[in-house]
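Undergrad: Spelled out from the first residue to the last, the chains are:
Number of protein chains: 2
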Amino acid sequence: MRHIPIILLGYGNVGRAFVRLVEEKRDRLNQDYGLNLVWTTIFRREGRYDFPPIGESDHPVIEKDGLKFGELKTGRVLNDLKSLLREAPGGVMVDGSVSDQKTGQPGYDYWKKAFSWGWHVVTANKGPLVYDYKGLHNSAHQNRCGLGISGATAAALPTVDLALYALAGADIQSVEGILNGTSNYILTRMGEGVDYAEALSEAQGKGIAEPDPAMDVEGWDTAYKILLITNASTELKYSLNDVSVKGITSISRQEVEKAAREGKRIKLLGRFERTDTGGILEVAPRAVGPDHPLFWVNGTEKGITFETDTMGSISAVGGRSSPVGAAAALLKDLINIVRQHDNKSD
Amino acid sequence: MRHIPIILLGYGNVGRAFVRLVEEKRDRLNQDYGLNLVWTTIFRREGRYDFPPIGESDHPVIEKDGLKFGELKTGRVLNDLKSLLREAPGGVMVDGSVSDQKTGQPGYDYWKKAFSWGWHVVTANKGPLVYDYKGLHNSAHQNRCGLGISGATAAALPTVDLALYALAGADIQSVEGILNGTSNYILTRMGEGVDYAEALSEAQGKGIAEPDPAMDVEGWDTAYKILLITNASTELKYSLNDVSVKGITSISRQEVEKAAREGKRIKLLGRFERTDTGGILEVAPRAVGPDHPLFWVNGTEKGITFETDTMGSISAVGGRSSPVGAAAALLKDLINIVRQHDNKSD
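Protein chains in written order, with this note's numbering: chain A, 1 to 346; chain B, 1 to 346.
I should point out that these hints are in silico values taken from the structure, not numbers from a laboratory. Some hints here could point you the wrong way.
[Unchecked claim] 30 angstroms max Cα-Cα, derived DSBU-like pairs, lysine-lysine:
1) A:LYS264 - B:LYS102
2) B:LYS264 - A:LYS258
3) B:LYS102 - B:LYS246
4) B:LYS264 - B:LYS237
5) A:LYS264 - B:LYS112
6) B:LYS237 - B:LYS112
7) B:LYS264 - B:LYS134
8) A:LYS237 - A:LYS258
9) A:LYS64 - A:LYS82
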């Protein structure tokens, strides 16, 4: 049995789903993977939760999600982190918080600190990755640590791990993905004769689209994901400036109907294609026919297709889009990283 | 750089495709994975090829697939193996040969010997696996060796590695697969109005179906694959007797037409479903509608769907069916196994 200390950043929907998932799966993780995940600290915006609880009067003991922990109000995350990381090298920092993708902060500094003390990072937080994937990748590599980004790319849909494991040894020539459920839902409804504005407000009514849907419908969420998937799946390391981005806000019903008359459907595709000089990265709506493997991916569903030299075309479709799906993605990355990195101590 | 000795069993279509693939990918394997695959010996029915060639008069030097090796006529594979395995623990035995699935021989004995000397096995040969998956799995495990079976399950279509890596930590509740291209081709053509006999002879004419198509159309190939995928993807360990098998030979045009009138298609599905008391394993033709993720998998294409507790439904579709696809599957298993097992020596 290997005991793996865990620091969790963020205790919102994803963080809480992760805590509940680990507690639900505790026996299976022991049995199937020989892993015992040991909660160390949960950092929240308002302070930190510590395990085991100290239980003094100024550290009230709180019970939540089946766990008891001591609550400590402190804003000094970076300072507090140092001593925690130093105490238990080989732990995993799980990031379920949100960082700014323009600065990568605050996650960027936490992760760098984690790597420097030999901690792995698995994340549902895209910000630091979009800000500087290459720098973080190199930092992880130099410190022989893992960086698991499934939770930040398309949660339960296999993307990066499909490339790294199922396509190991193959050259990836192109990647195409329907990576944003909201815009795919809107396009699917438009294909059924509904206007953009109506489809959007329907999606908002159902809680599929955010009140401010810009990130999804303007293609940025897709851009982040195809950027990260490409960076993690190939030897190439792009930044956000390299992605040409067009969303679905200007798609008219006429365009959708024209596509339908040709037996096609309009999909918002994130694409990477290898070229003689490197590659191109773009997000744009495209009309695809039934011979395209992602033609069949409708509604809020997501899918991804890799074209390879030796294995042909391989697609993955599905995967739950929810805090539970994201938590499951964090957990799978954690399992894959610890079994690949530290089996000396088996 | 890690030097990995390779013994290859079989030098037919798959074995030769594997040799060519490794030579083509030599630089990329070095660069991307830090691996140098070192040919040791290729065992054929007629004798063995040795590297480097000794080049005496009774060991003629032969050049094939870009390699030079010494040819030795010998039938004593098991005897010869012993000394080879002993010389280089941590090597990989790549099985591109064919064994009887009723006895597992001759592969079964070779693999056991390999594990006992610390060699990993990756295989496109189903025979030993169908004969005694559990015994081989245990033998590999006890000797801390890997057993890679992608090449024997659906070649370039991700199946077992999808389960082991992309679904790590999730409970697999069911598996459904279209795992045999020949029968899917025949069913697809029948859906287009062609009789069974006509579709079969068409498939034979195109080289899709064997002259004796029994293994494919009677469901046995699918049975082997769903058995092996289930055994490798879950904690359950079934044998062939546990699989209920029905093929497509008695499907009438009327049945196909009836399904079509209901908007459905008949597919030969290999299925595993978890039950309260364990699970059921079966192969049978089933009418599936457009809400089924494998409805869209037509012609010679293959696909697989996993239902999980935390990630929802995840499907993979595609993957080249050819000796190159099988060789690529052997290579990916080899890469995944050596990077998971021996990173002490990085």
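Undergrad: Compare the structure with each hint and give your call.
TA: Hints, one by one, checked against the model:
For the hint pairing LYS264 of chain A with LYS102 of chain B, the CA-to-CA distance comes to about 49 angstroms; that exceeds 30 angstroms, so the pair is violated. Distance check on the hinted pair: LYS264 of chain B and LYS258 of chain A sit about 27 angstroms apart at the alpha-carbon level, within 30 angstroms; holds. With a C-alpha separation of about 19 angstroms, the suggested pairing of LYS102 of chain B with LYS246 of chain B holds against the 30 angstroms cut-off. A threshold of 30 angstroms between alpha carbons decides the hint, and for LYS264 of chain B with LYS237 of chain B the separation of about 33 angstroms lies outside it, so the pair is violated.
Annotation: proposed proximity of LYS264 of chain A to LYS112 of chain B is violated, straight-line Cα distance about 53 angstroms (limit 30 angstroms). With a C-alpha separation of about 18 angstroms, the suggested pairing of LYS237 of chain B with LYS112 of chain B holds against the 30 angstroms cut-off. For the suggested pair LYS264 of chain B and LYS134 of chain B, the alpha carbons sit about 37 angstroms apart, so the restraint of at most 30 angstroms is broken. For the proposed pair LYS237 of chain A and LYS258 of chain A, the alpha carbon gap of about 37 angstroms is over 30 angstroms, so the pair is violated.
At most 30 angstroms may separate the alpha-carbon atoms for a hinted pair to count; LYS64 of chain A and LYS82 of chain A meet this at roughly 26 angstroms.
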